[in-house]
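Sequences are here, hints too, so could you generate the full structure?
Taken in order, these protein sequences are the chains called A and B.
Under this note's numbering, think of the first position of the first sequence as 1, with each following residue one higher.
Under this note's numbering, think of the first position of the second sequence as 320, with each following residue one higher.
Please keep in mind that the hints were generated in silico from the structure rather than gathered at the bench.
Since the structure is predicted, the reported quantities are computational estimates derived from the model, not experimental observations.
Take these hints with a grain of salt, some might be off.
As a list, the in silico DSS-like pairs of lysine-lysine whose alpha-carbon atoms are at most 25 Å apart [said to hold, decoys possible]:
#, chain 1, residue 1, chain 2, residue 2
1, B, 402, B, 329
2, A, 85, B, 443
3, A, 97, B, 527
4, A, 7, A, 81
5, B, 340, A, 10
6, B, 443, B, 533
7, B, 527, A, 141
8, A, 180, B, 498
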Amino acid sequence: MDFSIQKKEKDSGRKHFAAAIIGSGPAGLTAAIYLGRSKVETVVFEKVIPGGYVVNVEKIENYPGFVEGIAGEQLGKLYAKHAEKFGAEIKCEEVTKLELNETPFRILTSLGSYTSDSIILATGTSNRKLGIPGEEEFTHKGISFCATCDAPFFEGENVIVVGAGNSGAQESLYLSRFAKHITIVELLEFPTAEPILIDRLNENERIDLLTSHSVTSFNGDKLLSSVDIKDIKSGEIKNIKVKGAFIYAGEVPNNDLVKDALKLDDKGFIVTDERLRTSIGGVFAAGDVRNTPLRQVATSVGDGAIAGHEAYRFLEERK
Amino acid sequence: MGLISEEDRKYLKEEFKNNLKREVKLLYFQQEESASEYSEQTKELLEELASLSNNLSLELESCDNAEKMKSEELTLCPSIKVKSERKGFVNFYGVPAGHEFISLVEAIKDMGSDNLSLPDEVIKDLKEIKERIDIKVFITHGCPYCPGAVRNAHQFSLANEKIKGSMVDANYFGELSMKHRVSSVPHIIINDRNGFMGNLPPSLFLDKVKEALK
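Laid out in structure tokens, this is it:
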């Protein structure tokens with residue numbers, strides 16, 4: 001059992017900051033490091049725990065410098081420690097509303113309200129839902145979006161994973177330590193995970209990959225007991241008995257706070273220029289929540305550096 | 320080397336020094352006959368924690384002591400109840416390891432201080448509650464969303480002593496988890512009947528608690 005702790009610096013009690021970062025994933029905390037080194041009074045708001053979604057990833061193997069990989073939870077802690085070292089204040093409060101129509105910008109949270117001269121949005125993404133019968137009914141009653149949270153409930157059971165991208169592949173490999181058998185259902189004719197992950201799926205006796213198939217319904221009484229899956233090519237529908245389903249079929253941006261205020265692309269991602277400026281001056285976006293061709297820890301870190309630097313420039317130019 | 324790293328010990332010592340304004344007791348009910356690795360490690364952890372502050376102590380009790388369990392209003396064992404002169408039922412059924420370790424540390428700091436990290440309107444609403452409410456938050460150690468829900472339950476109890484807040488290790492208490500159909504966490508059960516899911520901000524968490532009482 002692990003008994004390590006996420007250290008937290010003291011609350012300054014300040015209600016106004018020069019820079020506020022919403023989201024403490026790799027993008028948000030990198031921005032905090034850059035702003036902190038520029039001596040900008042910076043706050044980072046996080047609704048779960050510092051590190052953002054990365055803490056759900058058992059092992060990150062493609063982030064440079066960590067040759068043997070690093071646990072997402074560990075990386076999240078390091079990012080937070082690094083940001084706090086340079087003075088950023090991390091508050092575990094959920095931002096519930098942003099008022100961006102005048103400066104300083106107003107930030108309402110689950111515990112209070114704050115103002116800030118600049119904002120960096122690093123709110124990331126959530127797993128996309130499938131929108132099929134039974135999904136709402138059996139969410140949290142067999143359907144899960146977090147393998148590290150819920151895998152132990154499916155010890156010795158059959159489960160499906162929807163989506164054979166990197167997330168689906170990684171989570172299937174993690175689930176294979178608990179579940180008796182895992183069927184990965186992928187809509188496309190081929191898995192989109194990195195080839196190294198596909199090799200591992202193929203080598204794992206507990207995992208089967210079904211391409212060109214889609215899930216058409218989740219079934220059960222009070223808990224999930226089966227899924228219907230359709231062969232895209234033949235149209236045949238099969239019923240598979242499963243106790244659990246984990247959905248990793250793409251992402252949707254966490255844009256609720258700004259969807260009526262900022263320019264978004266057709267999928268809802270925040271539109272930025274190359275300096276990560278949004279459609280409102282002083283508001284920047286970084287990481288997975290913006291329109292970017294690749295969503296990885298490494299690209300988020302790069303975004304965080306640019307957004308932090310640009311927010312600093314913005315604040316300097318206003319002086 | 321102990322269960323808590325040297326770096327974390329140093330940090331916790333400072334945290335307890337700054338936050339424990341009164342004595343806090345960790346009351347640990349353990350299963351003596353089946354001295355599993357689980358219960359031994361829990362005991363070791365609590366001993367290490369208690370050694371970090373003069374204001375923190377550990378009292379060991381047996382799960383067989385039904386009278387004492389009853390007087391503490393505990394229904395499951397093993398259990399760690401965090402106690403002080405401050406009113407409130409702040410409890411952990413099972414071991415708060417992994418992501419839940421922070422919940423135990425925060426609970427100790429809360430019981431040793433007058434801290435209440437809730438919005439004013441939530442505190443006001445909580446104080447108006449007249450009925451007894453038992454909040455059990457089912458967690459797994461790998462769940463990063465769970466400590467927020469556990470903290471809400473504990474903070475609610477500190478705001479109104481009619482409310483009991485407990486973390487429940489869903490894997491350890493497997494039968495109870497099955498009874499309440501827990502297959503995803505955090506899963507919150509109110510008065511051993513209705514429940515709801517998820518890590519919610521305090522105001523929404525309170526709304527869900529009230530809804531579950533209906």
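Exercise. Would you pick out the hints that fail for this structure and give their numbers low to high?
Key: Number 2 - this is the single hint that the structure violates.
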